[in-house]
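Hey, can you work out the whole structure from these sequences and the hints?
Residue numbers (numbering that gives the first Met the number 0), protein chains in the order written: chain F, 0 to 508; chain C, 0 to 364; chain E, 0 to 328.
These are computed hints drawn from the structure, not numbers from a lab. Glycine included, each C-beta is placed from N, C-alpha and C at the ideal position. Only true hints are included.
Here are some of the chain F residues that sit facing chain E, going by a computed Cβ distance under 8 Å:
no.: 1; residue: I55
no.: 2; residue: S74
no.: 3; residue: K76
no.: 4; residue: F79
no.: 5; residue: H87
no.: 6; residue: V95
no.: 7; residue: E100
no.: 8; residue: L104
no.: 9; residue: K109
no.: 10; residue: L110
no.: 11; residue: Y137
Within a straight-line C-alpha distance of at most 25 Å, the following computed DSS-like cross-link-like pairs (lysine-lysine) qualify:
no.: 12; chain 1: E; residue 1: K180; chain 2: F; residue 2: K144
no.: 13; chain 1: E; residue 1: K287; chain 2: C; residue 2: K183
no.: 14; chain 1: E; residue 1: K291; chain 2: C; residue 2: K179
no.: 15; chain 1: C; residue 1: K183; chain 2: E; residue 2: K291
no.: 16; chain 1: C; residue 1: K148; chain 2: E; residue 2: K308
no.: 17; chain 1: C; residue 1: K12; chain 2: F; residue 2: K24
no.: 18; chain 1: C; residue 1: K226; chain 2: F; residue 2: K381
no.: 19; chain 1: C; residue 1: K226; chain 2: F; residue 2: K327
no.: 20; chain 1: C; residue 1: K148; chain 2: E; residue 2: K309
no.: 21; chain 1: F; residue 1: K295; chain 2: C; residue 2: K247
no.: 22; chain 1: E; residue 1: K287; chain 2: C; residue 2: K179
no.: 23; chain 1: E; residue 1: K309; chain 2: F; residue 2: K295
no.: 24; chain 1: C; residue 1: K250; chain 2: F; residue 2: K327
no.: 25; chain 1: F; residue 1: K213; chain 2: C; residue 2: K12
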Amino acid sequence: MDNRIPAVKMRNITKRFGSVVANDKCWLDVYRGEILALLGENGSGKTTLMNMLSGIYFPDEGTIAIDGKEVVIASPKDAFDLGIGMIHQHYKLVDVFTAAENIVLGLPGKLDMRTASAKIREICGKYGFEVDPDMKIYDMSVSQKQTVEIVKVLYRGADILILDEPTAVLTPQETDRLFAVLRNMRDDGKAIVIITHKMHEVEDLSDRVAVLRKGQFTGDMLTKNTNAQEMTNMMVGRPVALNINRTEPEDPKPRIQVRDLTVRDMEGTLKLDHVSFTACSGEILGIAGISGCGQKELLEAIAGLQPVETGDISYVESDGSEESLIGKDPLDIKKMGVALSFVPEDRLGMGLVGSMDLGDNVMLRSYSEGNSVFTDRKKSYKVARGIVEYFDVVTPSVETPVRRLSGGNVQKVLVGREIVNAPKVLLTAYATRGLDINSSYQIYETISEQKRKGVAVIYVGEDLDVLVELCDRILVLCGGRVSGVVDGRKTNKREIGAMMTRLGGEGRG
Amino acid sequence: MDKRKEPLIHITKRGAVAPGRAWAIRVGAIIAALLVCAVVTTLTTGINPFAVFGAIFEGAFGTNRKIWMLLQNMAILLCVSLAVTPAFKMRCWNLGAEGQVLIGGLATASCMILLRDALPGWLLIAVMVISAILAGAVWAGIPALFKAKFNTNETLFTLMMNYVATQLVAYFVILWEVPKGAGKIGIINQNTQIGWLPQIGSSKYLLNILVVAVITGLMFVYLRYSKHGYEISVVGESERTARYIGIKVEKVIIRTMLLSGAICGVAGLLLVGGTDHTITTSIAGGRGFTAVMVSWLAKFNPLMMILTSFLLVLLERGAGEISTNFGLNRSFSDILTGIILFFIIGSEFFIQYKVNFRKTAKEEK
Amino acid sequence: MFDVVAFIPRAVMQGIPLMLGCTGETLTEKSGNLNLGTAGVMYVGGICGVIGAFLYENGAGASKMNGFLAIAIPLVCCLLGSLLMGLLYCFLTVSLRANQNVTGLALTTFGVGFGNFFGGSLIKLTGSEVASLALSSTSNYYRASLPFASDLGWFGKIFLSYGFLAYLAVVIALVSSYFLKRTRTGLQLRAVGENPATADAAGINVNRYKYRATCIGSMVAGLGGLYYVMDYANGVWSNDAFGDRGWLAIALVIFTIWRPNVGVLASILFGGLYILYLFIPSSNFAIKELYKMLPYVVTIIVLVLTSMKKKRENQPPASLGLAYFREER
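What follows is the structure in C-alpha cells.
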C-alpha cells in the first residue's frame, strides 16, 4: 500500500526556537482516505510539526511535498491554497464576530453574508454539524466553537485536515459525535491528521499511527498491528508502568464543608447552583465535569478568589470546630493551610509570571510573609532549588525566566510550589494538563503522597481514565449543579460521562 | 516551476542576550542616528554638522552656569521619569505626568500666594510640600481609581487630565495675575522670599539636584527590593497571576499611581518653589512626555535613567545654542531628538530578534 | 444673545480637522495600531501642504495661479508627508515591533518639531514682521464655497459655506464607516485588530493590513492638518497654532467608540465645545479658560461611561497597542 503517493510527505524537517530544538529531522507521510494519529508526549514537537504544515511556522530545514510535488509553505495562505486546513488547540476565532464572519475571514471576493450562510448550512447538513451562522462567538460553548473551526476549514475546500487535540475540551458524547464526523470525512477521501496523546482515541479512530519523541520521528505503523503498550514505549522510549498506587484513605475526617454554595461570574451567569459536599482529610476528592461547568469557580471560591452569592464554605479543624472562609482574604485563607494549584489552559496565564525567574515565581506564594518591607529573595531561591531537585525540573538555573522552560517543566514548578508549603488542603486543577506521561505519573504520585500525609486533596481533572484510577470519591458537576458523588473504586468513565451531561435537560450530550 | 520562492528574510526570536551585546547594539544605533542627523542637518540647513554637534556641547557645557542649567533640567526630567516608572512597570501608561507636575506646581504657588501672610516661613514650606504631593497624587489617583474599578483606559484618561490641568492653571494665572491684565503672575514673594525653598551652597539648583538624587536611589531600592516593587512587577507582567496569588490588583494600581502622581507633585514643587518662583501653563515643558521615553529607553531602571535623561537634556540644551549660533529655529532639536529616538527604538528589535536571510549555502556547495 | 447661525459654522470648521484626525486614527486603530503620533502626523500634513503652497505661490506668482494646481500641489505634498510619517510609524512598530506608545510620542516630538522648524524657516524666508506665514491665494481656492451659498441665508451659512475639504472629510468618514462594516477588506482589517493570530491563520497578511491601514489613516489625518491651515486659518501658518488638536482627535476616537460615522457629528460637537468660550457673553477671562476644559472633560466622561458599560462591541480593538509576531510562544 505504500506505493501510493502520500498527500503529505515531510522529510528532514528541523525547527529550532532559540536554543530549543522542537523538531529534529522529522519525517511524516499522510495518505488520503485515512486518519493518521500523530502521537507523542507533550513537548515532543507534534504541534510544531503540524504548524509548519499549516504555514504558522517556517521550517529551518527540510522539505515538504504535497501529492508528490515539493512545495514551500511560507504562510497560512499557502497552506490553504494547497488544501491544508488546521484546527488549532486554541481556537483561532474573533470573539466579536459571528460564526459566518469568522468562517469567510481571509477569503477573496465580495462580502456576501447571505450566500455564505447558505453554504455553511449546506456543509453542516452534509456532515451532520449544527452551527448558527449569525451567532457571536463569545456566546458559544467550546464545542460550538470547535464546530465553527471545522466548518471554516471545510468551507475553504480543504482536503487535508489537521486537528490538534480536538477532544481535550469535549465530553465523551461530544467526542463520539466528532469521531463520527471525522469518519464521514475520511470516507469522503480526505486526509486527516489528529494530534493526541490519548491512547484509547488512537485505537478507536485512527487507521495509522505516527509517533514522535523529543522532536524526532520514531516510527509509524497501522493501528491494527499495534497496541497501547507498544505505542507508549515508542513515545517514552522505555517501558513505563501505567498504574497509580491508590491506598485506602486513613482516618478520613471532614476538612472542607461546602453548603448550598451559589456563585455567579462577572457577567452574572450562574456558575455554581446550590452546591454542597464535604472534602475529607487523607482523601482525594475528584471533580469531574465538562469544561466551564463550575470547577474553576468552585476552587476559586474555596481559595477566596471568587465572590460567593449565597451559601457557606467552612474549614473544619481536627477537633471538629468550624471556621467560615466566606469573606476572608485569599492571603488569610492561604495562611490557614489551603493551597490552590490551578493550571490554566495557557500555563503561564495564571499562577506563574513568564518573564520572572524560578526564584521570583516561587516567591509569589511567600513574598508577603514577615513584617519587613523588603522581599526575602535568598530564601525563595533556596526553595526553588529544592523544587528543581525534587521534580527533576530541566532548567539552566533557578535564575532562568520560566518562559524559557518547556511546558512540563513549568508545570512542575507550579505544582511543586504549592506542595512545598505543606498545605492541609490541596486544590489542584488540571495538574497534568499537557504533561508527558512520566511527569504526569510523578505528579499523581506526589498528590497521592500528600493524601497519605493526611492532606485533603480536591482534584479537578479532564482525563476520566485518570480520575477513576486516582480518586477515592468523585463529585460530578453538570451545569453548576452536583449531579452525584460516586466511589472511585466502583465507577467507570462511561457512568461519569453520562452524569456530566445528564441533569434537568441541560446536557448537550 | 512548482518550487515557490522561499521567503527572503525570516525572523526568529533570540534567546537570552548578553547585556554587553545589547548595549553594543544600542550604542551602535546612537552612532548611526548621529550620522543620519549630520546628513539631515547638512541637507536642510547647509551647516556643517560637526559645527552643530560642537554647538550642542558648547550649549550644554560651555560655562559653569550652563552646566548648572543642564544639571537642573536633568534633575527635573529625571524626577518626572522616576515618577512615571513604577506605573509603567505595572503596564499602566501614565501619560499624565505633564498635568500632575502642573497641578503640583499650582498647589505650591497657591500656598505661596494665599498663605504668605498667615504662616511662618518654615511652616509654609512644610504645607507647600504636603499640598504639592497631595495635589499630584490626587491628579493621578482619579484615573487610577477608574482604571482599578472599571478598567478605564488610563493612557487616554491621563492624557485628557493634562489639558484639564493646563486650563485650571490658566484660570488661576488670570485670577492672580500681577499686575492686572498682564496675563502672568510674575515672581511670587520677590521681596520677602517667603515660601522659597532654601538654597544650599552657592547654587539655587543644588537643592533640586540633591532631592532628585535621593529619590533616584530610593526608587531603585523600592522597585528592586521592596514587596511593593515586587507586587508592581507581578501586576505588570500578569494581572491574572497577581489576582490568583491574592494580590489586590486594584489596590496596587491605585497605590502605584498615587506614588507616581506624588513624585510628579514633587517635581512641580521643585520647579515653582525651588527655581522659578512663579507658575505658567508651560512649566512642565513637555517633560511629562519626554519622561515616557527616558523611562522606556532605560528599561525602567532608575539608575539607567540618569544616562537617558542626560542624553535628552543634552540635546535640548544644545538646541538653544544652535538657534543663537546659526539662527536656526529651536524646533530643529526636536527633529534631531526624534531621529535619535527612532534609531534607539528601532534598535531594540535587533536585540530581541534575529534576522535570517535566505540560505544560499545549498547553491554554493 | 447666543448666535446659533454664527456659532454652528465656527463649530463645524473647528470640528473638521478633528473629524479627519479621528477617521484616520480610527482606521489605524482598527488594525491594532495605537498611533499616539497623530498629533505629529497632522503637523507634518499641515506644513507639507504649506511648503507646497509656498513654493507654488512664489513660483507662479499670485496672479498666474492655476486653480487646479493651487489645490493639487499642497494636497499631494500633504498626503506624501503624512504617508511618510505613517510609513515610519509602521516600520518601527510593525516591522521592528517597537513599543507603540513610545514610538507614537517620538513621532509627535519629531512631527511637531518638523512642522515648527520648516514653518519657522519659511517665515524667516519671507522676512515677515509677524511670526506667521500667509498663503492667502492658495487659501482662497481651498475656501471657495458654492457661488450661491451666500444667497441662501442661514441655510447656506450652516450647510454650504465651507471649502471642499470639509465635505470631503464627511465623505471620507462615511466611506470609512461603510468600508469597516460592510466590505470584506474591512472585515479582515477588523480581524487583524481584534486577533492578529486568527487573521494570520486565516491567510490574511497581517503586516500588510497594518501598514496599509496605518498609512491611509495617517494620510487622512494629515488632511486634517491641511484643512486647518488652508481653510480654517485662512492660509496662515504660525508655529504651535495647531495646538493640541491631535490629542483631541485621539480622544474623539474613543468618544465615537471607533465609529467614523458617529465622528461626523461628534467632531462638530467637539468643535463647538472647543470654541464655546468665545460665545459666552462674559468679560471674565479667567472663567473662559475653564470653558476650554469642556471637550476634555466630556471625553473623560464618555471614556468612563463606556468602560463601565462593558458592552463587547464598544470596547477598543482587542489587540490595540500590541505588536504581533507569528512565532511568539
